[in-house]
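Fit chain to chain and form the complex, with the hints in mind.
Read top to bottom, the protein sequences are chains A and B.
With this note's numbering applied, the first sequence corresponds to residues 1 to 127, in that order.
With this note's numbering applied, the second sequence corresponds to residues 1001 to 1366, in that order.
Mixed in with the good hints there might be a few duds.
List of simulated lysine to any residue pairs, SDA-like, C-alpha gap at most 20 Å [what the hints assert, rightly or not]:
hint, chain 1, residue 1, chain 2, residue 2
1, A, K63, B, G1029
2, A, K63, B, G1244
3, A, K63, B, E1041
4, A, K111, A, D54
5, A, K63, B, S1037
Here are the computed distance ranges between Cβ atoms for each label pair [said to hold, decoys possible]:
hint, chain 1, residue 1, chain 2, residue 2, range
6, B, V1338, A, D67, 30 to 36 Å
7, A, D21, B, P1332, 52 to 58 Å
8, A, V52, B, E1096, 54 to 60 Å
9, B, V1338, A, N92, 36 to 42 Å
Short derived list, chain B residues pointing at chain A, Cβ under 7 Å [unchecked claim]:
hint, residue
10, S1038
11, I1039
12, R1040
13, G1229
14, I1296
Worth flagging that the hints you see were computed from the coordinates, not collected in a lab.
Every residue, glycine too, gets a C-beta built ideally from N, C-alpha and C.
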Amino acid sequence: MAELSGLRFSESHEWVRQEGDTATIGISEYAQSQLGDVIYLEFPSVGQKLKVGDRFGVVESVKAASDLYSPVAGEVAAVNDALKEHPELLNNDPYGKGWILKLRGVSPNPKLLDQDAYNALVEGPGH
Amino acid sequence: MTQPVATVERTPLFEEHLRLGAQMTNFGGWSMPLQYSSIREEHQAVRSAAGLFDLSHMGEIEVSGTDAVAQLERLLTNEVATLKPGRARYALLCNEQGGILDDLLVYNLSPGYLLVVNAGNQDKDFEWVAAHTPAGTARNMGRQTALIGVQGPRAPALVQRLADRDLKDVKYYAFVDRRVAGVPCRVSRTGYTGEDGFELFCQPSEAVRLWQRLLDAGGEVGLKPAGLGARDTLRLEAGMRLYGNDLDEQTNPLEAGLDWAVKLDKDFIGRDAIGRVAQQGLPRVTVGLRMRDRSIPRHGYRVLDEGRPVGTVSSGNVSFTLGYNIALAFVPPARSQVGTSLAVDVRGAAAPADVVALPFYRRPHP
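Extracted from the complex, chain B is given alone in its bound form (with noise of 0.2 Å):
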């Protein structure tokens, strides 16, 4: 599970980490807090209080000159043209099959723009898109950037708090420059949860001040340090995809469910290829999966309609929150209707499995 930590690379926040106690995981080649005290705990506190992430492991692509606009057009599934500045969106970077590289916030700085990648994935893009980006135009920030997320819904009053001037226009995927606790930040309001909050990026010498002061503030409306465990649960609550679980190089946005970040009546690399899987008709899709019992599906697990193999798991784990055990997987669109019995073959025993409508979890009052 783990590997030697000297081999892979820290956040700025990693010995604040370490003094919490954290267990270590190497993710995308980081090193990162897995958990700090138990992913239930702080997956609750997320979900009732406040939760606090380091998410520095991010990618940062700036992209910037006169025609960054029509490139990304072209780079990116999701229309860019009509992202006002100070606003966020979602998109996919494709190969030309229609495979998705990555999925990722497109920001409008105006001037320039921001894509916020995974981490995993950051080299790999920035080759990418400076392959297709006049030279000097695409930069690799990812090494430069820290980033702090407050989930959950205490997080916007108490980032509010350290705050120099007001967020209450900041609205969902939006973004302003604030100071927080003094630390020049860009303040976004997004995240992966499934919950209210904003996401805090800074200069990486400044990661560990705002960090403590955010714990300390923090502390009394129930703040917790959270682990990618937590992260992990959350967004699969919350029916959020995880690059590498449930979308790859050999999955396309439509199968992915995607296609509500998809513009196809726009010219983008990989565009024909998705198009042609659209007419054709899709072999698989996403859905929803509701365990009947207590087994717990994984990535991986096959999915059984009346005994045959129809699909795979690309997620699953217990959701703390509903009190049932939920997945995410791929299955033929002839069994993707809500209220389908299916199975997922859990260690060789056909789990029982019911087709639910995503996102599992909503927050209550958005």
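So here's chain A without its partners, still in its complex pose (with noise of 0.2 Å):
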């Protein structure tokens, strides 16, 4: 599994490993497990800016289809064409080979979660 440090995490989810002014996001092991298999992601666009909470995608599990919302403002420079093949990716390795999309010219967002607080939100009454 991949390093964990640094990870900054939303309320609805999402990661952020944030590098200078850019930053890889993805979804928690948390939302991966209630979510189940993943068979499908819909994409932004190279070039597509985001504000955060921007919904800029979809994943579709067995379950569900659930938006996501980006965790930081900031232009996507790449999305990961590995889970257009393998979906899967995103269950087994959620924090790794399962990252979603990469955003350039990010600004930090100050309310984002460190692990503690974001488990703390998971493991908190409800759950």
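Now the structure itself:
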């Protein structure tokens, strides 16, 4: 499993790893476990500009279609083409090979949660 | 998706599901396993080896009395008088308007009959049956009955290995009384997956022992516990209807494509309304759709014909076995021929789809 330190999480279960003004985005282990088997993703176009909270795609699992929201602002630099052929990577390695997109020109979002705060959110009452 | 477990009913196997790490969900008022490992793996286990299902949430209604045959003929769309002892048959329970109250299996217990009904409908069904039968002849046995499904190509041999006597004469839609793993069971060659297999009725107090013995003995042939997620993707491939998705009180059996289970030449509740619709022509019929791209059709999505909404998806999902996405949908009869090109409105985009024959999947060696 990929290194988790330095990840920040949104309350809608996306993670972001920011390095300089670029960022990699995916969904959390908790999110993939709740979605179940992922079978298809809809991606944004490279070059699309996203604001915090913008819907950037859809993940379809056997159970349901779920929207994906950008945890930071930036411009789409790349999408993970491997997920088009192997959507199960999102289940098997959500923090590594299951990344979804990379953004450039990213401004940090101070409202994101660190790992402890995120774990408290998903392990809290009601889960 | 899930509701607090305390407010919903539990089957005798609830603790077993938790022990196996199941994700639980509220289904028809019952806390049931949605999946144990992965819906895909559980689905594939049933198609290639065997799956073990807790079906104890299903309802059971026993009907006894000297006039039970006549009363059930009046309640059910399919024939009961011709159902031999030891045999089961699919039928529908309809209201006077011809709307489907439930779909079920009727078993000839000789003496008496057993109706196996959907979990979420069992109390509604019982009230309906009790209102149309003499006092005391219908009994609501759903909560006094456990039911375990063993489905898949390896399932018959597995159940046979644990049974006290031969099962090879138990044909499809037949049942016998046997001990399985020492537990007295009604062993029924029925299922909701499109595979061969058995459904085992037993006392709730014996369910855990039977479940554990089947799991232990099944390990070496690749049996896996399978949840409601896999049950849904399996039944959809087999073209089997799901009450609440494909069938409801606003749908009549002919629209649902279940005319083979409707005998309009006998008198039953709803017959006149269904007969009228048949004469006037159906406004919509059920078809199978095969998606051309990877979009997934879901319950309630609109079906489009050259951009115009003409129908509705009633069930849809990925078909793990076939490798494409499929749906059951209501469309006008004029657009129902196999090969017709339609589309499904998937989040505002028209995803192309073709009408295909049902069932989507048929097991290789029936």
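Hint check results:
Under the criterion of a C-alpha separation no larger than 20 Å, the hint pairing K63 of chain A with G1029 of chain B is consistent with the structure, at around 19 Å. Restraint check for K63 of chain A and G1244 of chain B: the C-alpha separation of about 16 Å stays at or below 20 Å, so the hint holds. Pair hint K63 of chain A plus E1041 of chain B holds up; C-alpha atoms about 14 Å apart against a cutoff of 20 Å. Note on K111 of chain A and D54 of chain A: the hinted pairing holds, with a Cα-Cα distance of about 15 Å set against a maximum of 20 Å.
Proposed proximity of K63 of chain A and S1037 of chain B is supported: the alpha carbons are some 14 Å apart, at most 20 Å. Evaluation of the 30 to 36 Å hint for V1338 of chain B and D67 of chain A yields a pass: the beta carbon distance comes to about 35 Å. Look at D21 of chain A against P1332 of chain B: about 55 Å separates their beta carbons, and that is inside 52 to 58 Å. At about 56 Å, the CB distance of V52 of chain A to E1096 of chain B agrees with the hint of 54 to 60 Å.
The beta-carbon spacing between V1338 of chain B and N92 of chain A, approximately 38 Å, falls within the hinted interval of 36 to 42 Å. Restraint check, S1038 of chain B versus chain A: the minimum CB separation of about 5 Å is within 7 Å; hint holds. Because the beta carbon of I1039 of chain B sits about 5 Å from the nearest beta carbon in chain A, less than 7 Å, this interface hint is met. The beta carbon of R1040 of chain B comes within 4 Å of a beta carbon in chain A, closer than 7 Å, and the hint placing it at the interface holds.
Interface hint status for G1229 of chain B: upheld, as the beta-carbon distance to the closest one in chain A is roughly 6 Å, under 7 Å. Restraint check, I1296 of chain B versus chain A: the minimum CB separation of about 5 Å is within 7 Å; hint holds.
When each numbered hint is compared with the structure, no violation occurs for any of them.
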